[in-house]
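Participant: Chain residues, written in single-letter form:
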Amino acid sequence: MPVLSVERVSVTYRSKRGAVAALADVSVDVPSGEIVVALGASGCGKSTLLNVMAGFLKPTTGAVTVGGLPVTGPGTDRAVVFQDDALMPWLSAQDNVAFGLQMRGMGQAERRDAAREMLAQVGLEAFAGHAIHEMSGGMRQRVGLARALAVKPDFLLMDEPLGALDELTRERMQMLVLNLWQRSGKGIFLITHSIEEALFLATRLVLLSPRPGRIVQRYETGFARRFLAGEPVRAIKADPAFVAMREELSNAILAHEEEALAHVG
Amino acid sequence: MSADRGRSNALATLASLGAILALWWGVTASGLIAPLFLPGPSEVLLRLVDLARHGFVGASLLQHMAASLARVGLAMLFAVITAIPVGMAMGLYPRINAAIDPLIEFYRPVPPLAYLPLMVIWFGIGELTKILLIYLAIFAPLAIATASGVRRVDPGRIRAAQSLGANRDQIAWLVIFPSALPDILTGLRIALGVGWSTLVAAELVAATRGLGFMVQSASQMLVTDVVLAGIFVIALIALAIELVLRWVERRFAGWASAG
Ligand SMILES: Nc1ncnc2c1ncn2[C@@H]1O[C@H](COP(=O)(O)OP(=O)(O)OP(=O)(O)O)[C@@H](O)[C@H]1O
Ligand SMILES: [Mg+2]
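Chains as they are written, first to last, in the numbering used here: chain A, 1 to 265; chain B, 1001 to 1259.
Note that these hints are calculated values from the structure, not bench results.
For each residue, glycine too, the CB sits at the ideal point set by N, CA and C.
There may be inaccurate statements among the hints.
Among chain A residues calculated to face chain B with C-beta under 10 Å, some are [to be verified]:
id, residue
1, Thr76
2, Arg78
3, Val80
4, Asp84
5, Leu87
6, Arg147
7, Leu249
Generate the whole structure from the sequences, applying the supplied hints.
Facilitator: Here it is, written out as structure tokens:
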């Protein structure tokens, strides 16, 4: 199984107001079958990192490879789920899910069946013909997820896919992501602001710190696998080990923030 | 909007139309204004029926309408085929925009009737001149609306399509074009309004058939009721075009206003 590797990547944005070092010497591996979660405060370069992995953005230095081969642009081996869904609002839910299949020239009947099946996997089989504007934020995110999975990518890149959802919907979506991950065995890279979400979803967790964006801590966590083994969500999130780690992460983020501020001051 | 408010809005429209009609009827029936200057509503209505039956200046009302509509229709067809791709290219490639935008902005603010004489010298007084004139009037707003619609496309949508394997052409016609369609249709609606009024004006100058020609001839013969009837038909057709295009907008770009 392939690995998506970010190797010593730096990104500097140049604008009229000068250069911004968004990422400095970041290396991270996303192997198949792992969920790597990037956690960090706003502006620490998480989206920049994902855009480099997706091939939307060329790193200033360093490289991204899949199975050892360099990434030169976007591709269906790395499907992306966006924070603001980025669906095609003139297409039905089903046609949105089938979009990637249409791009490769799959026949209409065949891709309709495939899209229906993906919609069923995210629990939206009854909404195939619905227009996007008739759906809630949570449903749209599930359509986005189904659209990404429909092209059978090796990797799934998700930029704060659950950021705009309410607490309950968000937890349900987290469980859905874990169940889909278990079924597909893909490598997932997921960005979040939420410490709890990071801990619950990750098998590996990287903590980013801003100015310049860099990885300051790496953790291996086992809560996602415990959930898939059958332990209830509530029990996991109330587990003293979970709570302790949440505290540790909060403190780490605060400490790095203070350090960064001291640096600037 | 509530049904209640919709109803009271319709009432306001009816009231103002009714007031105008009553005023019109009042000043003509009382003999305050001579029929030569302003014929009454019933005379105009009768004249309209007569126009439909017997025609005026050598053609029936339907033939005058058909002549005008055919000119607008052809011009619109050519404009849609050319202005939308040109606008797409302008929106997608800044260099193409830099080359074409000054040309469009140069001729767009000039009233079509100002360059009509030039076109008559170049292309004669036949159909070509009239269709070209209206084509030019439609082309500019349509190309500009298309280009600005293309520029407003959410870049996230393009990235999504790229990561789903779309190539350049697929992104242009399956992502950017539908994204810009609401702006394109609004542009077309405005352009056709401009085009219709340009056409009628053009027929005042050089034509043997058409609604503008009919009104012009009638005014020279001082047949005021035909002038008024012609103006009503021109206005009604403009309204019909507007309503059809609004329907097209709702049908094909309804998602944009549905939030
Ligand atoms: N196109 C750009 N041009 C210039 N600077 C940019 C650009 N995109 C991002 N930046 C800067 O790079 C830094 C990292 O941005 P990025 O969007 O990657 O952060 P993020 O971690 O995703 O933040 P958030 O959690 O708010 O989404 C920020 O300081 C931002 O201002
Ligand atoms: Mg971001």
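Participant: None of the hints should be skipped; say for each whether it holds.
Facilitator: Here's how the hints hold up against the structure:
1. Thr76: Hint on Thr76 of chain A: holds, closest Cβ of chain B at ~4 Å, below 10 Å.
2. Arg78: Holds, because the Cβ-Cβ distance from Arg78 of chain A to chain B comes to roughly 7 Å (cut-off 10 Å).
3. Val80: holds, 5 Å
4. Asp84: holds, 6 Å
5. Leu87: Hint holds; Leu87 of chain A Cβ to chain B Cβ min 8 Å, cut 10 Å.
6. Arg147: Holds, because the Cβ-Cβ distance from Arg147 of chain A to chain B comes to roughly 7 Å (cut-off 10 Å).
7. Leu249: violated, 29 Å
In the structure shown, a violation is registered for the earlier hint numbered 7 alone.
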